[in-house]
Amino acid sequence: MDPSGPVQQLLSQGEKCVSAADAYLVQGRARVSRVAALVETETAFGPNFGFFMFGTKRMPVQGSDLTLVTVIPVKEDFAVEVIDDPSQDLLGSDVPVKVCGSGQVLTLNLPFGSKSGNFLTALRRAISIYTSQPPAEVFQPFAWLEKYELMTATADRSDWPWSGTGLDAMAAEIVTEGFEDNFADSLSFDDAASLASQQDLGDSEADGSGLEPVNVSRGGSASTMGSMMANPPSVREPIVKMYMLKEEAKYTHLKTFRIFAGTWNVNGQPATESLKAWLAKDSTPPDLYAVGFQELDLSKEAFVFNDSAREEEWVKAVTHGLHPEASYRRVRLIRLVGMMLLVFVRSEHNKFLSQIEAQTVGTGIMGKMGNKGGVAIRFDFHNTSFCIVNSHLAAHTEHYERRNQDYSDICARMQFNLTQPPLTIHKHNVVLWVGDLNYRLSDIEISEVKALIEKEMFWALMEHDQLKRQMNERSVFKDFKEASVNFIPTYKYDPGTDDWDTSEKCRVPAWCDRVLCKGDSVSAVEYRSHRELKLSDHKPVSCLFDIGVKVIDEDNYKRVFEEVIRKLDKLENEFLPSVSLSCVDLKFERIKFLEPQKKTISITNTGQVPCQFEFICKLDEKEYCKPWLNVQPSLGFIMPGDSYPIELEIYVDKNTAGRLNSGEDSLEDILVLHLDGGKDYFVTVQGDFIPSCFGSSIEALCNMRGPIREVPVARLVDLEAGSPSETSPEDSFSTLPIPKEIWLLVDHLYKHALCQEDLFQQPGLHSEIEEIRDCLDTGMPDTIPGQPHSVAECLLMFLDSLPEPVVPHQYYQSCLDSCTRFELCEQLMSQVPEHHRNVFKYLTAFLRELLKYQDDNKRDPKMLAMIFGGLLLKPKPDEAKRQNNQQTARRRATFIYQFQVNPYDG
Amino acid sequence: MNSNHRMVGRRRSSEAKQYDMLLRVLLIGDSGVGKTCILYRFVEDDFTMSHISTIGIDFKLKTVEVNGKRIRVQIWDTAGQERYETITKQYYRRAQGVLLVYDVTSEKSFTNISKWANDVDEYAPEDVERMLIANKSDDRDWRVISKQQGQKLADLYRMSFFETSAYRNVNIKEAFLALTNNIIRRQGIIPAPDNSCVKDGKCIHDLDMDLTAGDVTPLTDTEETKTGACSACSVV
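Residue numbers (the working numbering), protein chains in the order written: chain G, 1 to 906; chain D, 1 to 236.
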């Protein structure tokens, strides 16, 4: 839902929520939900913007759920920047944005999508509107925000459930990790080798984090050229793995291996019997053995210190008991108190085993002691993962639920950390679970049990088996299978015999010892008990499995791997942002002074991802384009398939005309359009500038008899460079005393406008001014067109655009200093170069003349002095800022005034 | 396949390691020498006859395997036109490798190599790996620069040298692989193994192949012209 509606409800009349977006405020590692909004109000000086941030009580928001947290006026210190975070540029992830202003820096995550894009575009537009307005000191536009700022300052924070200290912060703590973490991860090159790359990453990190205002000035771009960003390579690693896993069938085939899984509760007895009858009973030797023991050692030491004297002898017994027709290697041994698990593999398969890890979980007293619980060994055999668990669950007939709980505890707590991510038991392709699971027979009398055993009606007995019942109810060993039990119960015997328990307790026989399995292509071949072994009150059990293991075909693996890499390369290349530009070579014709020309190019997102474009600075340049060029917008965000018009405007004003007339600069620029995370495009802008007397120097104009347009360009350049009349015969005339253009304008005013009211105060017509300018540039008109006001404004503009003012810069300060004494002023003027002095003399004479007709033209001498003072006397451009105050303005006027009221003849 | 499938880690030493790294390589040279075609051939294994001037900076990614190490090469294709030179130079500073490309049918593009080389000296990092590429080597009718001339210039500038044809897909992979290998070796990232096919910056397999000496290859079968990459280098 668009939150701008609710925001609007909270605003005063005349204020409008331009755009709003849901956002997350990032505070350290925490993210809290916020609504960000751009609010506009109309002031006398144009639209005015504020950035608002609200806390939200619930989503979707209503007005009453919003509480204002932050207000930042959109002024010169306000900036928005999309953080270039290479670890997060997966499509669809949030867009991290930094917002700063009024001394605050906020990191927001905006949800990926056009809404956020629109919001950012609106913010940038607000910034550019602000920058196009007069400086803020002049007016106080942000007064309307004061009431809101007060709200955020005085509100009682404890009332806010979403404030940084409450529930929200707690919730936020458990939310996603901060992007610094991701970034740190992505930097985890595990080879000293990649030092060079690390260096570069370091650089790019620095590039991305520096917050610079966007679009506030032409030069304030966050990006610079040549930043060749790319994803840190390790980001791709999990993706490669994922793809490889998907294609597993293409490079593996199933090969069947024989696995022996056995379990025996040895009741703390020493290993005095040969285990061959249990382990080497079959004709063919298995490929893998998994042998589990329970109650290996019932001593106190084993219980308290997990230190067993029996371990060694039993391992030895097992080793000797393995099938004699094959050689085996021990893969791993793990023991917790009396639970021991051993895995052996045929020597020739050993090299196909990897990622071997063993873990234990105790579920005894306190849920920790190791008298009950499980031990497990996991490994990868070829491309199939195995987990083998040996467990001893809680005893006693009535405690089957306790056994279920032991099982759940083992599953929940058993975790293998060698692999990334860590694995639990169930995440393995094949799970074999052996052990004294201790499930008994329920709801049946011992005599009946023994009778059924006698008749070998195991299926009937099985109906009373707690494990089967619990499994059927899916209370335990979900998804596990067990081969059908065709052997007599393995518990409880008088040790050393095959006789049922004759002790006082007279236990009901039960199948305590079981072997279960889980996984595809796992089939039980034979499930049996081994009555020949008599030393314990339990009989050992074993199950032979044929398991299909995914064996890698090296050639196919390499082929698929290469395919995957190629596919990822292709995807990555396809997902690079890409645009097309309707034109990359703009030619402007006949650019004239003060006559803007505009051309529009269209940028179309031809890529598959949203893209942000920006005109960026060339190296060592502070602005992305020349001062006579203006690009709107200079940055933006486009969705795939969308187009965006960009206006390029050439406008030569007094600041740039001088350099263009003199040939120091030409209308040529190459813009660099940079796509965030992508390539750069060059846009060439060229234009013919029609030279004008406007912006030309007094000296150069004095050296031109004819109009400026008739002077060859090369000659113009020479003239401006100060080398007048060298070779050309047509130029062999003595220089003019003052530029003819000034003479023409002033003479016209002298002849036609001495009595004109409001002269130099009422603006002229724009069209007439252009006409007059063309007239001055192209010919020697007999009459100047246009009404007096236009001619007068033209004169002022002409004086304003002189590269060196009538009173040259170097005399400026002295003139101000001596403005109160006419003799000094006169003396100063005598030092001024001839042509400048002539112009000055001529203009002041004209002003004195004008003032003679004060009765008719109602001209005030002080007003005229103010106008001409500001044009004839100017500080150097770089000093202009601190010089332009009221005091200097008055002194400039005073200087001119001296010449209005005193006779002056140079 | 059940839902419990997980990623099975690979283990044998012959495989690519589980990490890789990124190198940046720049293509420079006069307009029209075929920089974009070389990039296109290497990355997409395709070729287009039409010439569209690159106006800007483009880049593509390609993963290569060198000595069992996976390396991502980011190849930057630059505008060759003179008027963009001042701008394109600014991209040199972050490159680890530069391919200076000329066209064997254009003498001007060949003589201009000295200018490009100077730019590299001036703007690229000091230890940047440079390679001279003589492209369009398939065009025997219009060839004006012999292989010897190219080799001589490469020797003069101490660059490695390859004659390539993006059109016929000759030596493109090999050149990139050799460059990658050289960068890695130069930066001491991986010591060169004994069986490396790169010697003195040249791929032994391919330098002996003289395309000017009547080696006619059917257009349709670009694979034919490719020499077998040795075990040390392969393109994935």
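A few of these clues could be false.
[To be verified] Straight-line distance between alpha carbons at most 27 Å, and here's what the computed DSS-like set of lysine-lysine pairs gives:
| hint | chain 1 | residue 1 | chain 2 | residue 2 |
| --- | --- | --- | --- | --- |
| 1 | D | LYS89 | G | LYS618 |
| 2 | D | LYS60 | G | LYS679 |
| 3 | D | LYS69 | G | LYS567 |
| 4 | D | LYS60 | G | LYS618 |
| 5 | G | LYS351 | G | LYS316 |
| 6 | G | LYS246 | D | LYS60 |
| 7 | D | LYS115 | G | LYS558 |
| 8 | D | LYS115 | G | LYS567 |
| 9 | D | LYS115 | G | LYS351 |
| 10 | G | LYS570 | D | LYS115 |
| 11 | G | LYS618 | D | LYS115 |
| 12 | G | LYS534 | G | LYS316 |
| 13 | D | LYS89 | G | LYS622 |
| 14 | D | LYS115 | G | LYS679 |
| 15 | G | LYS241 | D | LYS89 |
| 16 | D | LYS89 | G | LYS626 |
Hints in this document: simulated from the structure, not taken from any laboratory. Just so it is clear, the structure is predicted and the values come from calculations on it, not from any experiment.
Hint-by-hint comparison with the structure:
no., hint, result
1, D:LYS89 - G:LYS618, "11 Å, holds"
2, D:LYS60 - G:LYS679, "9 Å, holds"
3, D:LYS69 - G:LYS567, "18 Å, holds"
4, D:LYS60 - G:LYS618, "22 Å, holds"
5, G:LYS351 - G:LYS316, "23 Å, holds"
6, G:LYS246 - D:LYS60, "26 Å, holds"
7, D:LYS115 - G:LYS558, "43 Å, violated"
8, D:LYS115 - G:LYS567, "38 Å, violated"
9, D:LYS115 - G:LYS351, "57 Å, violated"
10, G:LYS570 - D:LYS115, "34 Å, violated"
11, G:LYS618 - D:LYS115, "21 Å, holds"
12, G:LYS534 - G:LYS316, "18 Å, holds"
13, D:LYS89 - G:LYS622, "18 Å, holds"
14, D:LYS115 - G:LYS679, "25 Å, holds"
15, G:LYS241 - D:LYS89, "39 Å, violated"
16, D:LYS89 - G:LYS626, "20 Å, holds"
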